[in-house]
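Participant: Full structure from sequences and hints, please.
Chains as they are written, first to last, in the numbering used here: chain A, 3 to 489; chain B, 2 to 256.
Bear in mind the hints are in silico, worked out from the structure with no lab data behind them.
Think of the CB as a built atom: it goes at the ideal place given N, C-alpha and C, for glycine as much as any other residue.
A short, non-exhaustive set of chain A residues, derived as facing chain B with CB atoms under 7 Å:
id	residue
1	K30
2	E61
3	D67
4	F86
5	L138
6	G139
7	R162
8	S273
9	P284
10	D285
11	S300
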Amino acid sequence: MTLQAGRNYREEASKGLDNDCLQKSLKKLQNNFGKGAMEYWASMTDSGLRDRAKNTRMETLANLDVVLSTLAENVEKAGGHVYFAKTAEDAVNYCLRVAAKNDVETVVKSKSMTSAEIGLDAALKGSDIEVLETDLGEYIIQLAEDQASHTIAPCIHLNRSQIGRLFEEKLAVALHRRYPPNLPDCQKSTLRHKMLDADMGITGCNIACAETGRISLVSNEGNIRMVTTMPRVHVALMGLERVAATMEDHQGLLQLLTQGAALQKLSTYVSFAGGKRLAGDPDGPEEFHLVVIDNGRSKILGDNAFREVLACIRCGACLNICPVYGRIGGHAYLSPYSGPVGAVVSPLLFGINQYADLCKGESLCGACLDICPVKIDLPRMLLELRYKLAYGDRKWQTRKHDRGEALVFKLWRISIAAGPLYRLALRCGYWMQRPLFGRKSLLSILPGPAKRWCADRDMPSLAGEPFSRRWKKRHGKGRTQHGVKDG
Amino acid sequence: MDEKDLFLADIRKSLGYSAQDARTTQECASLFASADDAAVLERIQYRTHVEKQALLKILQENAEKINLDVQPVKSLADAATRIVEIVEKAEPEFGHTKQLIQHDDTVLAKLQLWKRFSGKAVQVHTAYAVDSQVREKSIASYVGLTAPRWAVAESATIVELGEPGRPRSTSLVPSVHIALIHLKDVLAELSEVYAMLRQQPPEHSCLFISGPSKTAEIEAHMVHGAHGPRQVHLVVVDEQLKEAEGLRGSGLFSS
Ligand code: SF4
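Facilitator: What follows is the structure, given as structure tokens:
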């Protein structure tokens with residue numbers, strides 16, 4: 003499956019690099035939230051919380067069958083319905099059935115990456131249902147028919163005048179000034195009655211709690227509260243991994259989530275939703291449906307090399323520090339899941355071959371591991387994916403990604419293992435490159451198949467004097483066993 | 002086998018268990034072990050008045066950072082006065098009439114706001130469970146008045162438990178949210194709320210509110226009142242203080 007057909011990593015990345023507004027926003031975001039989160043982790047009083055949270059996440063995953071059936075039992079006890087969807091299609095069809103049964107004409111949604119993953123909006127629209135995003139960023143993306151570029155700030159690639167123009171065109175309003183505070187007001191007044199009158203609300207799920215049968219949703223705008231309070235029907239979509247066993251686990255994860263996402267002790271709103279409106283309840287949905295989605299996740303769960311990625315709580319912190327995401331932005335990741343976590347999870351969910359560029363694009367600097375509130379080792383999994391691409395893997399159906407490249411590396415390995423041969427090749431290379439490099443130490447064009455390599459980066463020249471010789475010269479004969487001169 | 006059984010069987014297979022045999026919570030008892038809350042509950046129960054005042058101070062400091070307005074008062078009468086001031090200062094955001102909706106709560110009823118507002122063109126509604134027009138009244142109101150269960154000093158959070166007479170929308174749909182709480186219900190940190198919730202799991206809804214609704218979606222500009230209230234005021238009543246000597250002028254009170 004290709005989620006965003008017709009787009010590719012290279013093109014989207016260079017578009018991102020050329021977008022000044024995006025570059026400015028990314029810098030700001032990384033300076034504030036990325037650095038801020040690192041400082042917070044370093045200074046937090048309960049320094050063991052992250053390790054404990056990681057352990058419970060892994061233990062929960064290892065017992066996910068029990069945790070999910072407990073969750074389902076408790077949701078049903080509170081009068082809610084639970085549907086287990088094996089595939090994206092199953093999930094979409096279920097939502098359509100619920101909508102049809104309840105004569106739904108208007109759906110209000112709050113940001114849910116899972117809904118983008120399963121392609122729900124298109125299906126609802128195909129059934130003549132009006133679908134409105136309510137999160138301001140997502141609403142803007144929807145109006146612009148664009149893609150989100152950050153987990154929690156979907157429209158950071160657009161500036162106030164672009165958004166102002168969009169509102170004027172699509173909402174037929176005359177904005178007094180395209181000043182940031184006017185824009186949320188404009189959305190609020192346009193959407194308010196729709197939110198109050200909609201038939202069905204669709205949300206994601208930040209963390210469900212099996213013990214209580216409640217899902218929790220965090221937001222700052224209050225749109226999620228609207229979506230879960232005012233419509234008659236509430237449908238919540240969750241990936242099968244987004245669950246904690248107990249309230250205690252839930253608390254730790256909730257605090258790590260809001261700190262990691264936006265340096266907040268708590269987000270403005272944390273709402274717990276679950277069953278249906280009880281007798282005498284003044285508001286809340288008459289029907290509640292929880293859709294638990296597999297769509298490739300149980301395969302990840304079954305692979306010890308990748309299970310860890312399901313511990314992710316989608317805080318987006320790794321986006322706020324990643325040097326690659328920080329330059330190219332979110333569109334290049336070609337999926338609702340962007341940044342380092344997207345580079346691991348998208349290939350696993352949608353096909354490693356099709357999404358090969360994502361894991362190859364990351365720098366392996368390790369920053370995402372340092373910032374992750376639940377210490378997910380994304381760099382290790384990026385390497386694992388590259389390994390599968392280099393050598394092929396039957397289970398994940400990867401084929402050797404680039405045979406030419408593999409051949410070059412094979413020759414290199416053979417030559418480096420045979421010392422004199424390698425040195426001879428370097429020497430030849432040094433002389434052969436001279437007409438190309440002249441006196442320059444970096445080259446931006448290479449001939450033949452090497453041309454592509456230079457499309458995005460410069461090639462450093464081979465040194466006239468190889469490292470081994472320089473080492474010998476400096477340290478002479480006094481080398482010890484460890485390769486360091488005594489004294 | 003229905004879709005749930007097949008789904009869970011797949012998970013069991015992935016985890017290396019037999020696909021057929023369902024497992025139970027006993028098989029992962031440590032994961033579901035309940036937290037020992039005795040110490041936390043005792044701490045809450047035996048907290049002294051002075052300690053609670055210290056919590057109020059922390060609450061005020063943290064509230065300031067998130068634009069939550071905290072107003073300590075000495076009596077319910079003072080609380081009513083303060084609420085009237087807030088209501089009179091606020092302007093309706095949608096429409097022109099001035100209406101207020103309050104939770105059906107004994108303490109809020111004691112404020113007798115309808116008396117305070119008589120002749121002032123502010124209409125006071127109460128969200129009685131039997132009233133079928135609560136929804137319309139909430140939408141028409143520009144101020145929502147609630148009596149939350151707890152407040153949390155550490156994160157400046159208001160904890161609302163919904164039930165008949167206490168709609169969730171009262172703290173959401175109006176542009177101004179005023180919450181009234183007694184000092185005894187101010188807790189130190191979130192773990193205390195979780196411990197209390199474990200003691201008495203809420204049957205209906207539960208909600209944490211930390212400050213007014215906000216968005217920083219456009220060029221990282223902070224704007225309050227995105228979809229929820231643009232102002233949130235927390236009035237904290239400390240009746241013991243009237244009698245307590247020497248505590249006046251401690252700086253806690255703004256009047
Ligand atoms: S991988 Fe870690 S840092 Fe990245 S979104 Fe997931 S939990 Fe957050």
